[in-house]
Amino acid sequence: MARKLAFDKTLFTTGVGLTLFGVVMIYSASAVIAMERFGSAHYFLLRQACAAAIGFGAMAAAMYVDYRRWLARPVVYAVLLVATLLLAVALAADRTHQVHRWIRLGPIQVQPSEIAKLALVLFLAYHLARKEDRIDDATGTLLPLAVVVGQLTLLVYLQPDMGTAAIYVLLAIVLLFVAGLRWRYLLAGGGACALALGIMILQAPYRVRRVLAFMNPEDDPLGAGFQVRQSILAVASGGIHGTSLGESRQKLFFLPEPHTDFIFSVIAEELGLIGALAVLLAFAVLLWRGVVAAAGAPDRGGYYLGMGITCWLVLQAMMNIAVTLGMMPTKGIPLPFLSYGGSSLVASLCALGVLLNISQHSS
Amino acid sequence: MRRRGLSWRRAPGRTGGAARGRGAGAMAALPARRARFAILVAAIVAGLLALAARCAHLQVLKEPELLDLARSQQERTISLDPRRGPILDRNGKELAVSLDVDSIFADPVEVGEPASAARRLASLLDLRVPELRERLENDRHFVWIKRKVTPDVKRRVEALGVPGVGFARESRRYYPKRSLAAHLLGSCGMDNQGLAGLEYAFDGAVRGTPGRIFFLRDGHGGRVLERDRTEPTAGSGLVLTIDEVIQYVVERELDGVMAATAPAGATVVALRPRTGEVLALASRPVFDPNNYAAARDEAQRNRAVSDYYEPGSTFKVITAAAALESGRVHPDEVIWCENGSIVVGRHRFKEDRLPYGNLTFTEVLAKSSNVGAIKVAARLRPQEFIGFIRGFGFGRRTGVELPGESAGMLRDVPDWSGLSQASIAMGQEIGATTLQLAAALGAIANDGVWMRPHVVQAMLAPDGTRLPAGGATGPEEGGRRVIAAATARTLRRMLQAVTVDGTGKAAALPGFTVGGKTGTAQKIDGSGRYTPGKYVSWFAGFVPADHPALVIVVMVDEPKGPRFHGGDVAAPVFARVALPVLQYLGVPPDREGSLVFDRSVQDSLGTDGERPHGAALPAVRRGRPVTRSGRPGMPRSDTVVAASLGSLDPSSGLLRRGPAPEAAGAPQAAGAGAEARADGSLPMPDLGGMSLRQASETLAAAGIVCTTLRSGARVTRQEPDPGAQVRPGAPCAVMF
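As you go down the protein sequences, you meet chains A and B in turn.
Those letters in the first sequence? Residues 1 to 363, by our numbering.
Those letters in the second sequence? Residues 364 to 1099, by our numbering.
Simulated from the structure, these hints should not be mistaken for lab results.
Note that the structure is a prediction, hence the values are computed from the model and not measured.
Note that the Cβ used here is the ideal one computed from N, Cα and C, for glycine as well.
Misleading hints may appear alongside valid ones.
Derived contacts from chain B toward chain A, CB cut-off under 7 Å, selection only [claimed, not checked]:
1) R399
2) L403
3) V404
4) I407
5) A409
6) L414
7) A415
8) R417
9) H420
10) L429
11) L432
Make a model of the complete structure from these sequences and hints.
Written out as C-alpha cells, the structure is:
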C-alpha cells in the first residue's frame, strides 16, 4: 500500500499554535498567582514551556511511528496495564492528601488519568475495529469493553476526579455510537450512566453544592456559585475586543484557577469575543481535520483511533468551555493544549502526533 | 482497494483487527454507520456553535450590565473629604473653620480578640460593648469605630495599643464663637455636609470637591493597586457682611431681653441702609452649631427671616410714607382723631392707649394714633397703597442668601375686606419678617431707595482670591426707588419725634438723634382672633436720624410681665445695641449729649460686674482697623471706640473657651502699650487743651474708651484726672 509522506499541515499548525498560544496565556493568567505562591512570576510559564517542549518531542515521535503499531494486541494491553497500574499507584501512594491525582517524581508530577486517556482511546479503537461486526454482542463485545472502561473510570472516580471519569465514559459511548451500536443499547447504557452519575453526585455534598450553584448561581454568589459567576463576569467584561493581553482583572484572585480550568475565561476577558471565537474556531478546525484524517484512514483501526482522539480533544475542550460559560456544572477538566498542566499537554500532543500519523496514511 | 472515499466503502485493511464480514448484515450496517458519523460530527459542530453563541451573548448583549458588576467588585474608590471653606465676618474674623481631627477605625481581621478589644475601647469611647464587638467581628478590612474624636481621646486610645486600630485624619467643622451668629451660619453634619443656614445655602461652593483614590481590588479583598488619585479641592470661603463685634453686641442684648422678659423668641436685624449689608442678624432661642443635633426645633428656626409677624404700629411708617409721597398729607396737617375710636364698615377701631382729639400728622406717628393712621390711609386708593407696600418689599422674599426665607403675608386688593385698608394702615392683616421690616426702614433711611439686604459680601477662593458673591445680591446692585428723597427726609424728621416725645423715648441715645417707630401687635390665635395678653413688641429705628448709618429692628415675641409695649420692651434693646455699635463704627455724635454714661456701655466695657458668657475680658488691645471712619473733617474717633471694643472682639478670647482650635486665625493684635499694668489698668493721660482730634488720638493710643465727646474747641475738663489709674474699658469723660 502506498503511503502519503505528507501529514496534515493544517492540523499540525492548529495543535502547535494552540499550544504556544496556551503558554502565552498561562503566563498572563498565572503571573500574579505565581508571584504570590512561589515568589516568581515565571513559575508556571517555565513549567508549561518545559512540558510543551517534552510534548512537542513526544508528538514528533508519534508522528513518525506508524499508528498501526500501536494497535497491535500486545501493545494495546501493555499500555492499558501500565495506565491501570499508574492509576492504582496514584491512589495507593500519597495517602497524606485527600486527592490522589498525581504521582510525584521529584520535581515532576505525573497525572496518570491523562495518560490513561491515551490507553483508553487505543483500547477502544482496537476493540471496536475487531468487534465492529458483532457490535451488539453483549458478552463478546460489550462486556469486555465495559470491564476495561469501567475499571479505568472507577480508578479515576476514586481519586476523586468526576470530570475525567465522565470523559472516559463519554468517549466510550461516542465511539460505540459511531461503531453503530443499537439505539436501544445506547439509550440503556446512557440511562445507566446517568443513574450512576446521579448517585455519585448525591454521595458527595460538594458535588450537590456545585450542581445547585449551577442551577441558581445568584443564590450564593460568594459560595459554590462564585467560580462560575466570576468566570461569566470575566468573559462578559472582555466585550468584543477584550481588555487587551495581560489586562485581565478577574485573574487577580477572582477566578479560582485562572491558568488551569478557567484559562478560557482569561482569554475571553483579555482578547474579547474575537479571541474566544478564535479558540472555538481552532477546535472546529481540529474537528474537521481530525475526522477527515480518520475517515481517510486505510483501516477500521485507524478510523476509530482517529475518531477517538479527535472526539477526546474536541469534546473535552467543549466541556471545559461550557463550564467557563456557565452552561455546565463545574467539573475541573482542563482545556486541551491551553490549560496549564504538563501531563494533559504531553498526552494531548502525543495524541495529536498519532492523529497526524493517521493523516499521513489518509487517502 | 485504495480508491478515494471513506474507509467503510472498502474492504478492511490488513492491519487493525479482525476481518469484517461481508454478509448482508454488515452491508446493512454501512449506511447506518455513515449516518452515525454524520450525526456525531453535526452534533459536535452544533455544540461549538452553541458555545460561540453563548460567548456572543455574554460579550456583546450582556456586556454592559455584567461589566458594571465586574467593575464594582474589582474597583474601589476611597473618597477624600475636601476641607470646607471658612466663613469669615467682614473683617476676616473666623466664624466657621474646618479643623483636622482624628477618627478611629479598625481592621477587624487584625484585631485579635474582638471581645477584649471591644471592652477596652467601649469604655473609653462611650460606646456599647456588644455593638462594637459585632463591628470588630466583621470580616471586612475596615470599620469605623468612632469618628472625629478629641486629641485627648485619640491619645488615650493610642495608649491602649489595641492591634488593628488606626487613626485617620478627617476634617471637622468648628464654630469657635459657639452660638454666635448660629442662625446665619447654620451647621454641618458628620460628613461635612451643610445642614442649615449659610452652610446649607452655599454648600455647593463651601464644601469643595472631594478627591478620590481609585484602587484595583483583587479577589482576596485586601491587596490593592492604586491606579489613580485625585486630591480634594478645598471649598470656597465666605466673607460675610456681618461684623462679629456688632453681632456680639446684638446677641448680648438679645440674651438680656430674653432674661428680662422671658419671651417665646426675639430677633434683631442691624443693617447698613446705604448698601443693604446686614451687619448683624440674630434670633433667640439659639443653638450651638458645634452640637446641632442637640438643638431643639424651636432653636433651629431663624425667626428673623423664616417667621413673619404682624408689624403693628411700626407699619404706620409705611402708611405715612405712602400718604406723604402721594401728597395726601402734610406733616403739620392737623388730623381730628375722633376722641379715640372710628367706625369703618361695621367695625370700631380704637386707640391702644389714650383717646386723642386734634393731632398733627407728626404727632399721629409720635403718639401712634390708630385713628389718625386709618384716616390718612383712607385717602389712598387701595392699589396705590399696596403699590407702596410692595415697593417697600412686603409680601415677597427680600432675596437674602439665607435659606428658608418667608415672603411674609400680604393679601392682594381683590381679597381685601372692607376693613383691610384700615387694618393694614395700623399694621394688622399683614405679616412681615424682621428682615423685611429692616429693609423697608432701610429704604427710608437711604433716601427712598430700597436696597436688597444681603449677608454675603464675597466668596474666597481656596488660594485667597476674592470672588464676587454671585447672584443679583451684590452691594453694587442699584436698588429700587420707592419714595422721593425729600419725602424720606421729611419722614425721618417726623420719626425723630417718636424718640423725643413719643412712644419710643426709650430708644433715644445720648449724643445721637434717633428716628424710629414702636409697635405692639396682638397675636392671633389659631382661630384667627386676637389673643389678649399675647403680644409682639417691635421697635424699628435708624440712627443718626439725619444721615442714618444704621438701621436696627428689634422684635420680641410674647414678652412676659406687665410691660409688653414695643416702646417698653423693644426700644431699650435698640438703644443698648445702637450706642456701642455707633461708637464701634466710629459714627460721630450729631447732637450734644449729656455726660451720663449709658449703662449698657459700662456693662459691656467694664471689668466688673456681670459679663455675658461669663468670660474673662482680656487686656485692652490697640485699635484694629475699622471698616469706615467718620465723615471728612471729623475726628477719627473710630480708633478710640475700637480700642474699647477690642475687648468685645470674640476672637480675642471672649468666646473662646473649651477646646481651642489651632486654626484660631491671624495673630492677635499686639497688646496694649507698655504702660499697661499687671492688672490691666492704665494711667489716664492729660488731655487739657487738646483739640477733639488730639484728645481722641491720645486716648486711642492709651487704649482708653471715651464714650461721649461734647463739641467744642479745646478740652476743658476731664474725668478721671490725669495720671489716675483707669481700668481698660472703664468710662471716662472729656469736656470741651
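Checked hints:
1. R399: Check passed: Cβ of R399 (chain B) comes within 5 Å of chain A, closer than 7 Å.
2. L403: OK, holds: L403 (chain B) within 7 Å of chain A, min 6 Å.
3. V404: Cβ of V404 (chain B) sits 6 Å from chain A, so the hint holds.
4. I407: holds, 6 Å
5. A409: violated, 10 Å
6. L414: holds, 5 Å
7. A415: Check passed: Cβ of A415 (chain B) comes within 5 Å of chain A, closer than 7 Å.
8. R417: holds, 5 Å
9. H420: For H420 (chain B), the interface hint is violated, since the closest Cβ of chain A sits about 9 Å away, which is over 7 Å.
10. L429: holds, 4 Å
11. L432: Result: holds, 6 Å to nearest chain A Cβ.
Comparing the model with each earlier hint shows violations of hints 5 and 9; every other hint is respected.
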